[in-house]
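Student: Model the full structure from these sequences, guided by the hints.
Residue-level listing of the chains:
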Amino acid sequence: MTDVVTPPVRTPSSPGSRTGGRRKVLGRHPIGSLFALPYMVFVALIFAYPLVFACYIAFHDYFFTAPGVEMERPFVGLANFIDVLTDPQVLESFRNTAVFLVINVPLTAVAALVLASALNAGIRWAAAFRVAFYVPYLTASVSLVGVWMLLFSSGGLVNSVLGPLAPEPSWLVNSALAMPSIALYVTWKQLGFYILLYLAALQNIPAELHESAATDGASALQRFRHVTIPGVRNATTLVLILAIITGANLFTEPYLLTNGGGPDGASLTPVLLIYQKGIQQQNPDTAAAMGMILVIIVGLLSLTANRLTREK
Amino acid sequence: MKFTKTAALLGATTLMLASCSGGGEESGGDGGGAATGTGPIEIWLSNNEAEIAWGEAVVEAWNAENPDAQVTAQEIPAGSSSEEAITAAITAGTAPCLVYNIATAAVSGWVQQGGLVDLNTFEDGASYITERGGESTTAYQSEGSYYQLPWKSNPVMVMYNKDLFEQAGLDPENPEMSTHADFLDGARQIVDSGVESAIWPSPTNEFYQPWFDFYPLYLAETGGTQLVEDGAATFDSDAGTAVADFWSTIYTEGLAPQEAATDDAMVAGTTAMQLAGPWAIAAYDGNIDVGFMPVPTSGGSEEVVTFADSKNISMFTACENQATAWEFLKFSTSVDSDGQLLEATGQMPMRTDLAGTFPDYFEANPMYAAFADQTERVADVPSIPNSVEAWQVFRESYSSAVIFGNTTVDEFLSGAAQEINGLVG
Chain R
1 MTDVVTPPVR TPSSPGSRTG GRRKVLGRHP IGSLFALPYM VFVALIFAYP LVFACYIAFH
61 DYFFTAPGVE MERPFVGLAN FIDVLTDPQV LESFRNTAVF LVINVPLTAV AALVLASALN
121 AGIRWAAAFR VAFYVPYLTA SVSLVGVWML LFSSGGLVNS VLGPLAPEPS WLVNSALAMP
181 SIALYVTWKQ LGFYILLYLA ALQNIPAELH ESAATDGASA LQRFRHVTIP GVRNATTLVL
241 ILAIITGANL FTEPYLLTNG GGPDGASLTP VLLIYQKGIQ QQNPDTAAAM GMILVIIVGL
301 LSLTANRLTR EK
Chain L
1 MKFTKTAALL GATTLMLASC SGGGEESGGD GGGAATGTGP IEIWLSNNEA EIAWGEAVVE
61 AWNAENPDAQ VTAQEIPAGS SSEEAITAAI TAGTAPCLVY NIATAAVSGW VQQGGLVDLN
121 TFEDGASYIT ERGGESTTAY QSEGSYYQLP WKSNPVMVMY NKDLFEQAGL DPENPEMSTH
181 ADFLDGARQI VDSGVESAIW PSPTNEFYQP WFDFYPLYLA ETGGTQLVED GAATFDSDAG
241 TAVADFWSTI YTEGLAPQEA ATDDAMVAGT TAMQLAGPWA IAAYDGNIDV GFMPVPTSGG
301 SEEVVTFADS KNISMFTACE NQATAWEFLK FSTSVDSDGQ LLEATGQMPM RTDLAGTFPD
361 YFEANPMYAA FADQTERVAD VPSIPNSVEA WQVFRESYSS AVIFGNTTVD EFLSGAAQEI
421 NGLVG
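Heads up: the sequence lines are chains R and L, in that order.
Each step along the first sequence adds one to the number in this note's numbering, with nothing skipped, and position 159 is 159.
Each step along the second sequence adds one to the number in this note's numbering, with nothing skipped, and position 276 is 276.
By construction, these hints were calculated from the structure, which means they are not laboratory data.
Heads up, none of these hints are tricks.
Stretches of chain R that chain L covers, calculated by requiring three or more beta carbons in the stretch to come under 8 Å of a beta carbon on chain L:
(1) 63-75
(2) 170-177
(3) 253-263
(4) 271-281
Keep in mind it's a predicted model, so treat the numbers as computed, not measured.
All C-beta atoms in this analysis are idealised placements derived from N, C-alpha and C, irrespective of residue type, glycine included.
Tutor: Here is the structure:
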């Protein structure tokens, strides 16, 4: 009698098996990973590599040289970070950004939600309004900045309308008003995009919820507070995080609108300083350290926004 | 949880990389036999239309005579400034052989990067430069060597609208504004006559803006003392105070706006004066009747030193055929080529006895003669380490005190001098 040896059945998902390990890495359909590969390479080259390289630069005394030129780039520990954090100009740029975020982020979220709700309620000319709100977002910053400079310069249209009520010095050269002016500009420019996010979220709220609340006698304001706001909670989280990230990366507007962060540094931003230090002044090490600090701060703010708006 | 994992992974990678000290060195050299290499070369020209036309004509003339060493010219790649495009090209190893738009302030950084060829290494390098430009060219040396050939200058003078001067009751042919006090009186008269501003230098924060307000007047006041000499800032002095007070008065009394112009203020008639070089003549020609006068000093003088605003030529270590590049450099800065440059652009080649070398041109173009005369008395920015950073520090302190009045002139002068000493020392 011959013994029949039945080989153990190896299920593809058995832990520790080679197939299981491969599946863990490539997923259930490896062909899908193949399609994702070009994007993964793109992310690795364009985002991950520069990020890691920036971390390396931030911890070294680094200077860009021509190929073939030998130069010592010693490890300096936290020296670049200390330089950055003790530089009054850097601290001023973070303060300016805080002013910007305090104005821009809540204003963006509130205005976008209110306008999106109005557009979603089926007001007349809704399509025209949607386009009108979205056009500034699509238009190049440089051209819009030109228009704002003409509007808000001392001899501009806004001051002509305000007459004796116009601020002196004028908006963009006034230390107290420069950053709020930029915050208003950016809010206006970006609003169309955030309205679009809220519109998508609003359309996911079942109409029955509004109907039953109305049947129970809830007013429009109560429905907005108890149905609409909780219904778009996830969109609000996204809007807040995107607004924080965009605001923290502010560059074009102060560069063009207030001519490099003026007046007297009142609209200087961290990214503008990174550009000055890293590109113009050839100090990539301090610029990289500043960039890392900015990434950490933005990460913490985004995490806070996420926690505050997350469903309990 | 996911965030924590990602952060931990990123942190570990960072620390791993950070713990590797040194590194970054690469092997190789400047191309081995590049210094004696001959063959085709590439050059970059500025984005100025007239200069491009000149450059193309010179290249065409060279190429006709040198079939084995053809030159290809193109504009400096787009960027927010030429300096940034050149810095990036040096780092990437894609710089051309020659660039015809070098600002002196950027040279020290590029030398440190190892991006520029020391022109003294050519047998006739130093002698050619000094014979063409005179002994004053030594001011353009970095670390005792020529890393740039002083090519052309645009002496900064006061350019004014004669019609607006007449309207204000000033004599357009002889405004008599050579002293600070007279200049301020004239400026007040202009604003009182209804012109929006008497003079309109850009009040913006870029590091190079002092070259068109404070620095020309400081050079005039001191007879040519550069911002930094012998490793120390020079402007915390009576001369610096006089010039800073002058500009402070201009802004305090509203004789110049604190915001940037949204158009060409001279052409638009919103200002009566501008500090500019000869390149501006073409822009105003036909639009307004312009006059020129030297920048003012506290005591008043007709023969003052002013800012050269030079643009020079450098050779880059990425160049594989440096011998050809050097020959072309000499060809493009010869008397003939310089004459063509003057004709095409109105910019002043930096060579000895400019007016005597091109008498026909200045006779035919009398508006440019004043600038040719001024080229005998110019000074440039100093060749110092951290040059751009030093000028940025200067500009920010100046803006705070002089343009916006948030600090005092004394605080600006002493604070900026102290900070700049730390950068260049």
